[in-house]
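A.B. asks: Chains as they are written, first to last, in UniProt numbering: chain D, 1 to 376; chain E, 1 to 376.
Check the hints yourself; a few may be wrong.
Same chains, same names: a pair is fine if it fits in one copy or spans any two.
[Said to hold, decoys possible] In silico lysine-lysine, DSSO-like type, Cα no more than 27 Å apart, as pairs:
# : residue 1 : residue 2
1 : Lys-144   : Lys-342
2 : Lys-88    : Lys-329
3 : Lys-329   : Lys-226
4 : Lys-41    : Lys-63
5 : Lys-228   : Lys-329
6 : Lys-376   : Lys-89
7 : Lys-63    : Lys-376
Read the hints as simulated data drawn from the structure, not as lab findings.
There are 2 protein chains.
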Amino acid sequence: MLSSRIGILGGGQLGLMLLQAAIDWNLDIHILDPDAHAPCKSIAPHFQQGSLQDFETVYEFGKNLDIITIEIEKVNVEALEKLEKEGKKIYPQPAVIRKIQDKRIQKQFYADHNLPTADFILTEDRNDAAKHADFLPAFHKLGKDGYDGRGVQRIQTEEDFAKAFDQPGLLEKSVDFDKELAVIVARNAQGDVNCFPSVEMVFHPEHNLVEYLFAPAEIGADVAQKAKDIAIATAEALGIVGILAVELFLTKDGNILINEVAPRPHNSGHQTIRANATSQYEQHWRAILGLPLGDTLALAPSAMVNLLGEDGYEGPAVYEGMEVLLATKQVYPFLYWKAITKPFRKMGHVTILDQDIPSLKKKVAFVKNHIKVKSK
Amino acid sequence: MLSSRIGILGGGQLGLMLLQAAIDWNLDIHILDPDAHAPCKSIAPHFQQGSLQDFETVYEFGKNLDIITIEIEKVNVEALEKLEKEGKKIYPQPAVIRKIQDKRIQKQFYADHNLPTADFILTEDRNDAAKHADFLPAFHKLGKDGYDGRGVQRIQTEEDFAKAFDQPGLLEKSVDFDKELAVIVARNAQGDVNCFPSVEMVFHPEHNLVEYLFAPAEIGADVAQKAKDIAIATAEALGIVGILAVELFLTKDGNILINEVAPRPHNSGHQTIRANATSQYEQHWRAILGLPLGDTLALAPSAMVNLLGEDGYEGPAVYEGMEVLLATKQVYPFLYWKAITKPFRKMGHVTILDQDIPSLKKKVAFVKNHIKVKSK
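Only chain D is shown next, with the shape it has when bound in the complex (with noise of 0.2 Å):
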């Protein structure tokens, strides 16, 4: 398996991080992605630079590798479905990305399983979800290619359903949680599954995206447990081969639902690659290439804080603060190969290593204020 040709639907930072996890076993890695300038552009052994959401450019994509998988979902579903019926091994299988492409039959889903999630409604557009006002606060959601906090809309009144999506979506009974949390899993080909330790996710007050997060969490064993217990389901339930990242919340009574989930390397699990004894790179590589799954052993406790394009800039980017972090001990900073920044795009993020959470959020703090990502 490990000589298989492989590609990667996605040439972004996380496709960046599974062929840096790649090397370690000189895999023979194919990269495809609508952008010239990609991440993985100047890494990739093999790059082509095409549409992921058109059926013959993916079809001919594959129709010559062995093994294809993804870093993001939104990718023509139909083209991998033809390579599977073809032979080619595509994890997560083109089943699972259909379930999880549309948030609709996503949770859906959950609940055929009983998996735990918040209550929901299907909407088909804007008029619809506004026949609901008994069950605000609530978020409208799009069914489909909401990415990175868009696709997700507040609604707490009725004036609010004005920015309701007026396409097919959801409307998700507002949850009253504690805590975010996120459980990576692996399940491989032959069924066997682990999780990586719980994560504890800070969000950014106004851009719904996660600002930091922390490992493990902040949580008792029991409610770990559950977290874990419910990912695992999950991914059983999924059947995926692949790393599954589920985003939980723990609500103020003690009860864990499911936010959503993505079938790939996930954010949530960056800080993975220095601080446990398999990252969920090379656990991605090994469940789908049918190897056992990895020892996901935390070898410190660790933090991760996004570097997102700062505010008010746009360009060539330039990291404001680098020496000073890399005089930091155990701090890690790791650039995404963007030339452009934006604001508010993930363009890095730092791992922290401490010896307990407490240092860790001062360590995440001092970060915080000492790196900026500018435009020249």
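Starting from the known structure of chain D, arrange chain E on it as the hints suggest.
C.D. replies: Only chain E this time, still in chain D's reference frame:
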């Protein structure tokens, strides 16, 4: 400094691991190597095929870059000197490379700087060497171009002088040593220095290649301190900017002698990628980019097993036993992107972490028994 155009002379496995580390910081790396299929070829953002020993090739390669480093000592130093005069940053400095390239100059340098090393006599040719029967047992070492066990002959009896090199070299008195150690020291342009923990090397009985090593070495704190002091004194005497790997003998009477040094990341530091807070590769970038040196703390005891091409096999490489290795916790194979295996060629290595040295040694035996590099 992070936006500099950086060149590496040599695109072998050390270059590959330098590249892999450089991905974290989005470094713009250009590689020169004579082999069109060098390990770095598929991964390097920029790869140029060309001789490392040809003045024009090296000079033209370096002319459009800001910083040039090496992953092999056998390079055209005159070209690097010219580039240095023209204002390029060449780290390690050409003057350092020149001293280390020739083992005669290297040994004389230790003697001149009161750095402890085995007694030696410089010899011009075979006949000259054969005049020193009273100096036996000894090793005859070629002045220039020795590499990976080549360029060294054991001379125990007068008859053995027939194997002495008929070129300038040196006769080094055999050292009655207890262990072979290595200390990797880094020095940046500001003059900051720090060391990785001492490693203990175990050599293949016949092939004069490291079979495996482990860290920390099984030596007392006083010996460890002495080894570290000698490594730092050597780096400072050379004034090197970059990584210096210092190979040492621990004699049976408790003395430490310098065997030889390498002015670049080294085989004896591969395990730092997985085991230490900073890898030797990241440390090299820090040193030559004028950044603060990273924390060398070992997160766990570690071992490293070289994967050598199995005797009797030459051709397209096949790594037998990878699955067994990958099913073992905290065992990390790293393959070198070399298409062709040859007997005893360095084809990869395996890093092993465990809680103590006895457990590590058991895993070393397991790894050695289960992975073989053969040909198709």
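A.B. asks: What hint numbers does the structure not satisfy?
C.D. replies: 2
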